[in-house]
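K.L.:
These are the residues of each chain, in order.
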Amino acid sequence: MNFKLYKINDMNLDRFLAALLVIFLLLGCGKDEVNSNSQDYSDILENIGNNVILATYEELDLKAVILVNSLTLLENEKTQDNLINARQAWRDTRQPWEQSEGFLYGPVDQKGIDPSMDSWPVNQTDLDAVLNSNAELTKSYIDGLDGTLKGFHTIEYLLFGLNSDKQIGDFTERQYQYLKSCAESLKGSTSELFLSWSPSGDNYISNVISAGDENNSVYPSQKSALEEFVVGMITIADEVANGKINDPLVQKNVNLEESRFSQNSKKDFADNIRSIQNAYLGKYKGSEGKGINSLILSKDENLNKKVQEEIIEAIKSIENIEGSFTSAIFNSVSSVENAQAKVRQLQQTLESEVLPIVSNL
Amino acid sequence: MHKYLILIIFVLSLASCTNEDVYIDPLDEDVYLGGETSIEGFFINIFQQPASNLSQEELTLHLKSDQAFADIFVSAPSTHNSGLGPVFNQVSCEHCHVANGRSPFPSNTDNLRGLLFRISKPGEDEMGGPLAVDNFGTQLQTKANFGIEAEGKVDWSYSYIVGNYPDGNEFMLKNRIFRIYDTYMPWEFTNLISPRIAPPVFGLGLLEAIPEEQILLYADPEDIDNDGISGKANIVWSVTDHTFKLGRFGWKAGQPSLIQQTAGAYHQDMGLTSPLFPKESCENQTQADDYSDDPEIDLELMKITTFYAQSLGVPIRRNFEDDQVKEGKKLFRKLNCNACHREAFVTGDQSDKPFLNNQKIFPYTDLLLHDMGDGLADFRPEFVANGYEWRTPPLWGIGFTKIVGGENANYLHDGRATTLEEAILWHGGEAEESKQSFKNLTKSERNAMIKFLENL
Numbered sequence: 076m077n078f079k080l081y082k083i084n085d086m087n088l089d090r091f092l093a094a095l096l097v098i099f100l101l102l103g104c105g106k107d108e109v110n111s112n113s114q115d116y117s118d119i120l121e122n123i124g125n126n127v128i129l130a131t132y133e134e135l136d137l138k139a140v141i142l143v144n145s146l147t148l149l150e151n152e153k154t155q156d157n158l159i160n161a162r163q164a165w166r167d168t169r170q171p172w173e174q175s176e177g178f179l180y181g182p183v184d185q186k187g188i189d190p191s192m193d194s195w196p197v198n199q200t201d202l203d204a205v206l207n208s209n210a211e212l213t214k215s216y217i218d219g220l221d222g223t224l225k226g227f228h229t230i231e232y233l234l235f236g237l238n239s240d241k242q243i244g245d246f247t248e249r250q251y252q253y254l255k256s257c258a259e260s261l262k263g264s265t266s267e268l269f270l271s272w273s274p275s276g277d278n279y280i281s282n283v284i285s286a287g288d289e290n291n292s293v294y295p296s297q298k299s300a301l302e303e304f305v306v307g308m309i310t311i312a313d314e315v316a317n318g319k320i321n322d323p324l325v326q327k328n329v330n331l332e333e334s335r336f337s338q339n340s341k342k343d344f345a346d347n348i349r350s351i352q353n354a355y356l357g358k359y360k361g362s363e364g365k366g367i368n369s370l371i372l373s374k375d376e377n378l379n380k381k382v383q384e385e386i387i388e389a390i391k392s393i394e395n396i397e398g399s400f401t402s403a404i405f406n407s408v409s410s411v412e413n414a415q416a417k418v419r420q421l422q423q424t425l426e427s428e429v430l431p432i433v434s435n436l
Numbered sequence: 002m003h004k005y006l007i008l009i010i011f012v013l014s015l016a017s018c019t020n021e022d023v024y025i026d027p028l029d030e031d032v033y034l035g036g037e038t039s040i041e042g043f044f045i046n047i048f049q050q051p052a053s054n055l056s057q058e059e060l061t062l063h064l065k066s067d068q069a070f071a072d073i074f075v076s077a078p079s080t081h082n083s084g085l086g087p088v089f090n091q092v093s094c095e096h097c098h099v100a101n102g103r104s105p106f107p108s109n110t111d112n113l114r115g116l117l118f119r120i121s122k123p124g125e126d127e128m129g130g131p132l133a134v135d136n137f138g139t140q141l142q143t144k145a146n147f148g149i150e151a152e153g154k155v156d157w158s159y160s161y162i163v164g165n166y167p168d169g170n171e172f173m174l175k176n177r178i179f180r181i182y183d184t185y186m187p188w189e190f191t192n193l194i195s196p197r198i199a200p201p202v203f204g205l206g207l208l209e210a211i212p213e214e215q216i217l218l219y220a221d222p223e224d225i226d227n228d229g230i231s232g233k234a235n236i237v238w239s240v241t242d243h244t245f246k247l248g249r250f251g252w253k254a255g256q257p258s259l260i261q262q263t264a265g266a267y268h269q270d271m272g273l274t275s276p277l278f279p280k281e282s283c284e285n286q287t288q289a290d291d292y293s294d295d296p297e298i299d300l301e302l303m304k305i306t307t308f309y310a311q312s313l314g315v316p317i318r319r320n321f322e323d324d325q326v327k328e329g330k331k332l333f334r335k336l337n338c339n340a341c342h343r344e345a346f347v348t349g350d351q352s353d354k355p356f357l358n359n360q361k362i363f364p365y366t367d368l369l370l371h372d373m374g375d376g377l378a379d380f381r382p383e384f385v386a387n388g389y390e391w392r393t394p395p396l397w398g399i400g401f402t403k404i405v406g407g408e409n410a411n412y413l414h415d416g417r418a419t420t421l422e423e424a425i426l427w428h429g430g431e432a433e434e435s436k437q438s439f440k441n442l443t444k445s446e447r448n449a450m451i452k453f454l455e456n457l
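Protein chains in written order, with this note's numbering: chain A, 76 to 436; chain B, 2 to 457.
Just chain A, with the same shape it has in the complex:
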C-alpha cells in the first residue's frame, strides 16, 4: 500500500501526454477494471436499507409484540399449551434478531440497545435474588435492571430452564410476572431500535440510502456504505466461526454456549449466516431488489456464484450438526468442525475476494 501522488503541473506536458498514452495503451490491451466513480449504487443501498435492514427490525418489533402477548396469556392461564406457544414466540422473536446480526452497527451500539436485549451470560445469582425479593416486578423495574437480568437470555432461562427441561409445575408466580415484564421491556428495546432506523423515527436509514450525498455525516461515499455491509457480514461470520462455535467446542464447556437453555444454538448460528445471505442477495422474506450480488456479478461472475454456494453450504452444515449443539461438542465433534470450517471458508471469501472488489470501486 503506497500512495503515489503525482503533481501534474510539475511534469512537463510532453511527458504527461506520453504517460497518458501509455495508460490508454495498457487499458486497451488488458482487461483491467476501469474505476468508474460515476457508477450509481443507490438501488443497492436503498434496497438493502429498506427491504433488508429496516424490514428485519420491523419484523423483530412485530414478533416482540407476540412474545409479550403470549407471556401475558401464560401468566393469566398457566397451561402447557400456553407454555409451548410462549416458547415458540421466543424462538420467533429470536429469529429476526439473529438475522439482524449481519448489520450490527449504528444505533444498536450507539444507543446501548444491544446490552438490554442480548446480554449473556444471565446473572443467575442476582436473578434468583430479585425473584426472592419483595421488588414489584413491573416493566419499569425491569427496565432499570442491568442487561444480564433482562433481554432474550433471561427470558430464555426462565422459560426453558437451566437444562431445557422446565415443566409448567416448576414455575413460580413471581417468575410468570418477571417473564411478562421482561418481554415488555424487550419490546421497548425492539421499538427503540426500529424507530432509530425508521423514517418515522430518527431515520438512521437515511444515512445508508443517501450515502455519498454532501450532507451525509456518516458515509462520504456510496462505496463506504457498501463496505460497511460487507464488513458487517465478515464480522458475524467471524463471530459464529471463531466465537459462538469455537469457544464451547474447544473448551468443551456448555456454559459457553449462547442459546443453550432453549437448545436454539444451531438455529441462532444458521440465522446469523442467513443475515449474510439476506444482505448479499438483498432479499428478506420474499422481497425483490438488488443486493451485493448484483455488484459482484458485474465484476466476477464466478465469485458471485461461489459466495452464494458457500452461504448455502455454511447454513446446511450448521443444520446438519448431529443432535443438539450441546451434545455435538462432545459426541459429534467432526460435524461441528465441519460447520465451523464452512463458515470460516465463507468468511475468508468475503474478506479476501468480496471486500477488495468493494474497496476498489
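Think of the hints as simulated: they come from the structure by calculation, not from any bench. It cannot be assumed that every hint is accurate.
As the list claims (entries may be wrong) - Cross-link-like lysine to aspartate or glutamate pairs, in silico, DMTMM-like; alpha carbons within 25 Å at most:
1) A/Lys374 <-> B/Glu41
2) B/Lys452 <-> B/Asp299
3) B/Lys444 <-> A/Glu289
4) A/Lys214 <-> B/Glu150
5) B/Lys331 <-> B/Asp26
6) A/Lys365 <-> A/Glu388
7) B/Lys327 <-> B/Asp111
8) B/Lys65 <-> A/Glu428
9) B/Lys65 <-> A/Glu289
10) A/Lys327 <-> B/Asp299
11) B/Lys335 <-> B/Asp242
12) B/Lys452 <-> B/Glu41
13) B/Lys452 <-> A/Asp313
14) A/Lys214 <-> B/Asp111
15) B/Lys154 <-> A/Asp218
16) B/Lys335 <-> B/Glu322
17) B/Lys280 <-> B/Asp242
Let chain A serve as the given structure and place chain B on it in line with the hints.
P.N.:
Frame of chain A, contents of chain B only:
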C-alpha cells in the same frame, strides 16, 4: 513511424517513473497515522479492525482477544464470567468503549454508560497518588449487585458561556455541573470529583512502544524555552514493577502501562480482582463481599485484553488531498497546536510485539501533562498532575468520533464539547494563545482547521 512513436513513448514513460516526478506532499506524510498497523476504510466499525501488519498467529490471538473485550461479567457465584462487583460501573469493556470508540454521553442519569467519576479527598496518599475517600475509594461505583447499594447517584445541571469571535460570529459553550447524591454513606462536599468519559482503545500499543526518552525529550516543566508551553511528565506508581514510572495512559496519564490500565479498569469499573489488584475495589468498606474467590480473573485474561488494545489498527487519513484540509493542517501548525498535539514519533524496537516496533506514527500527542486553564480544570491531582493539568489526548481517528459513537459521542475528558470547534474553544492555560489565534482566524480558516481535524 509507428515504431518511432512507440519508442518515444516507451522512453518517456520510463522517465516519468523516476523518483523526481513522484511527488509526495510533506503535508501528507502522516496519511498512515499508525504506521504499518494502519487500516483503510470508512465505516462505523472502523475502530474494531485488527492492525494491518499482524502475522497469522497474531491475528488469531487478536480474534480471541476480541471476545475477551466483549465478555460480560456477572455476580458470583457463576459458572461463567463470575465476580462482578459488589459495586461497579459497567459489566464489560465494550459497555463503556462503545464500538471501541468514545462513550456516547449518557442520555439520562439512570445509565451512565462510559461516564465515571474519579473521587478523592484533598491531599495525597503515601505513594503521592489520589487520597481515597473513606468508604468510597478513588472511584464512585454507580451500580451494584442486587442487594448491595450503589455508592451513589449522579446528576447534572447546565451552565452556558456565550461568546463572540472577533469577526462577530457567536458561539456558545455548554458545561455540566455534576452532583453526587443519594450516597450509601455520608458524602463530604469537600471531596474532589473528576468526571471522565471512556476514550477510544485503538493505537494504545503504539503509544506504549514510544521510547520513554523520546517523550521526555519534549518535557519542559519549567518552560525553560519560554514558549509558554511546559509539558510535564507524570510519574506514577507501577504495581507490577513496584517502582515509579512514566505515566502514559488515562486522561491524566495516571497509569504507566497498558496492562495496569486494563487491570485497573477491570478492578475499578467492574469490581474484578486480579493478580495486579488482588483486593476488592470496596475493600474495608461496609459492602465488601465475603467470598474467597480473589483474584477473580487471572493474569492471562489481563494479557489477552491488553493484546486486543495493542493489536487494533489505526485508521488512515481520508481526503488528505483536499485543499481545505491542507489549509487546515497548515493552520494547525501555524497556531502551534502541534506543540502539545505533537505529530510524529517513531516507536522503539523493544516491544515483544514485533508489529509495534519501529513504526513511524502520527498520534498527535506528546503524552505529557499541560495546564489547560480554569475552564477544564477538575481541581483533582493525580500523582504529579495537578488539578489544572491533563495529558494531551491523541487526535488520530478523532474524525470518526460521531460516525462510530453516534451524535452523543462528544469530545474532551468529560464529553462536554459536542463539536470539535467547542473542544478547541474550551482550551485555556498553556493553550490560551493558540485558542485566541484560532478565534482570530476568519470563518473559512476556522472551518478549514475543523476539516483537517475531521480528516484525522
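K.L.:
Are the hints correct? Go through all of them and say.
P.N.:
Hint-by-hint comparison with the structure:
Distance hint between A/Lys374 and B/Glu41 is fulfilled; the C-alpha atoms sit about 22 Å from each other, no more than 25 Å. Proposed proximity of B/Lys452 and B/Asp299 is contradicted: the alpha carbons are some 44 Å apart, above 25 Å. Simply put, B/Lys444 and A/Glu289 have alpha-carbon atoms about 20 Å apart, close enough for the 25 Å limit, and the pair holds. Between A/Lys214 and B/Glu150 the CA atoms are separated by roughly 21 Å; this keeps the pair inside 25 Å, and the hint holds.
For the hint pairing B/Lys331 with B/Asp26, the CA-to-CA distance comes to about 12 Å; that is within 25 Å, so the pair holds. Distance hint between A/Lys365 and A/Glu388 is fulfilled; the C-alpha atoms sit about 22 Å from each other, no more than 25 Å. Taking the CA atoms of B/Lys327 and B/Asp111, the gap is about 43 Å. The hint is violated against a cut of 25 Å. Between the alpha carbons of B/Lys65 and A/Glu428 the distance comes to roughly 23 Å, so the proposed pair stays at or under 25 Å and holds.
For the suggested pair B/Lys65 and A/Glu289, the alpha carbons sit about 39 Å apart, so the restraint of at most 25 Å is broken. In summary, the hint linking A/Lys327 to B/Asp299 is supported, as the alpha carbons are separated by about 20 Å, within the 25 Å threshold. Between B/Lys335 and B/Asp242 the CA atoms are separated by roughly 41 Å; this puts the pair beyond 25 Å, and the hint is violated. Distance check on the hinted pair: B/Lys452 and B/Glu41 sit about 19 Å apart at the alpha-carbon level, within 25 Å; holds.
Straight-line distance between C-alpha atoms of B/Lys452 and A/Asp313 comes to about 35 Å, which puts the hinted pair past the 25 Å bound. Simply put, A/Lys214 and B/Asp111 have alpha-carbon atoms about 15 Å apart, close enough for the 25 Å limit, and the pair holds. Distance check on the hinted pair: B/Lys154 and A/Asp218 sit about 17 Å apart at the alpha-carbon level, within 25 Å; holds. Taking the CA atoms of B/Lys335 and B/Glu322, the gap is near 19 Å; set against the 25 Å cutoff, the hint holds.
Simply put, B/Lys280 and B/Asp242 have alpha-carbon atoms about 18 Å apart, close enough for the 25 Å limit, and the pair holds.
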